[in-house]
Amino acid sequence: GNSVTQMEGPVTLSEEAFLTINCTYTATGYPSLFWYVQYPGEGLQLLLKATKADDKGSNKGFEATYRKETTSFHLEKGSVQVSDSAVYFCALSDGLTNAGKSTFGDGTTLTVKP
Amino acid sequence: KAGVTQTPRYLIKTRGQQVTLSCSPISGHRSVSWYQQTPGQGLQFLFEYFSETQRNKGNFPGRFSGRQFSNSRSEMNVSTLELGDSALYLCASSPGFETDTQYFGPGTRLTVL
Numbered sequence: 039g040n041s042v043t044q045m046e047g048p049v050t051l052s053e054e055a056f057l058t059i060n061c062t063y064t065a066t067g068y069p070s071l072f073w074y075v076q077y078p079g080e081g082l083q084l085l086l087k088a089t090k091a092d093d094k095g096s097n098k099g100f101e102a103t104y105r106k107e108t109t110s111f112h113l114e115k116g117s118v119q120v121s122d123s124a125v126y127f128c129a130l131s132d133g134l135t136n137a138g139k140s141t142f143g144d145g146t147t148l149t150v151k152p
Numbered sequence: 535k536a537g538v539t540q541t542p543r544y545l546i547k548t549r550g551q552q553v554t555l556s557c558s559p560i561s562g563h564r565s566v567s568w569y570q571q572t573p574g575q576g577l578q579f580l581f582e583y584f585s586e587t588q589r590n591k592g593n594f595p596g597r598f599s600g601r602q603f604s605n606s607r608s609e610m611n612v613s614t615l616e617l618g619d620s621a622l623y624l625c626a627s628s629p630g631f632e633t634d635t636q637y638f639g640p641g642t643r644l645t646v647l
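Chains Y and F are the protein sequences, given in the same order.
The first sequence begins at 39 in this note's numbering and counts up by one.
The second sequence begins at 535 in this note's numbering and counts up by one.
Hints listed in this document are in silico derivations from the structure and should not be mistaken for laboratory results.
Under the rule of at most 27 Å between Cα atoms (straight-line distance), these lysine-lysine pairs were calculated in the BS3-like manner: (1) LYS115(Y) / LYS94(Y); (2) LYS90(Y) / LYS591(F); (3) LYS151(Y) / LYS115(Y); (4) LYS591(F) / LYS87(Y); (5) LYS151(Y) / LYS98(Y); (6) LYS87(Y) / LYS98(Y).
A few chain Y residues that don't get close to chain F, going by computed Cβ distances all over 12 Å: (7) LEU51; (8) THR62; (9) GLY99; (10) THR103; (11) LYS106; (12) THR108; (13) THR109; (14) GLY116; (15) SER117; (16) VAL120; (17) ASP122; (18) VAL150; (19) PRO152.
Using N, Cα and C, we set each Cβ at its ideal position, and we do this for glycine too.
Just chain F, with the same shape it has in the complex (with noise of 0.2 Å):
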């Protein structure tokens, strides 16, 4: 099976501007979770779509969205962009029930100026 693939790996935009991100889960994977890594804060919970509803959110504020289509694909959008905000975002997979392991995509790797 292919593995878990994002697109664009890597973006520069200022700040002000919006992005959006995408993220192709594994085939037959129903959950899709999105995680911001940086050096300083780790490795934190974005938000977790399952048959295209949220199903669980982070702590992030409302500049950060989601949305997941009938194929299982997501993205993630982020307006009015901060320095703050760069970082690796990182997706990761699942069939979506409770004890499923994730599976990580390479992650975008987003540079705010």
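For reference, chain Y alone in the conformation it holds in the complex (with noise of 0.2 Å):
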């Protein structure tokens, strides 16, 4: 079946410091890719997505390309906030047999320091 893995985390950065969050997968077919973000009490929101290889996803500085040959969907940012700590869920969906079910990662907790 379809798995993600995310990098165990919590992870904490200093404000401006560059942000790597590795995201892998495993899925039959060609699978959406997804990055969604969850603030404290509240629900998961869309971050960026890639529907094929090699696209690039990006949102509010966020970037993560689609690769297959590594079947990977690292996220990247190249200098934090401290509004962007949060909870970050790598994601993907095969919505040709699965449509409708998202299979995701274990999350990793970003805190970012001023």
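Assemble the dimeric complex from its two separately framed chains, guided by the hints.
So, in structure tokens, the structure goes:
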């Protein structure tokens, strides 16, 4: 079955540091890949997505590239802010056979200190 | 467009009781999915409904059930509650096709005492 593996957290960075959160996946076919962010007490918000190999998703300074050869979708940001502190989830959707069902990684908690 | 809404936001129940959670999707979305989020198990897929039919189901016992109405609103029911059912229950909606992004509601926090 499908699975997503995220780097273990928590991750603590100073403001303006570079962020990388690793994500690798196992899936049949050609899944779409997503990064979601969850702030305390809230649901998940879509951060970015990519639907095919070599696509780059980007939003609010965050980027991730769909790498089929390494089955990876690592999240990066060049300069983090305190407001980026949250839990980040990598996810995949194999819409063809599993419509409406996303598989999530365990989440990585990011804390950014001033 | 209004986002996904879930009611109630918080619930406290005792073991053995049953509970019904409600989800209203984004207007025009026909797919509603339910997830359970716990610190130990992370986000786990419960089931998905599309046009009033259950299209996908996760690996949860039969105590967990759901339904979808003709206006795409969905309800999830848990019978004979157990302590381990304490979790954040998240609902997500999408138009319902292959690569559609899911849009999540704020969740219902269920505590079973």
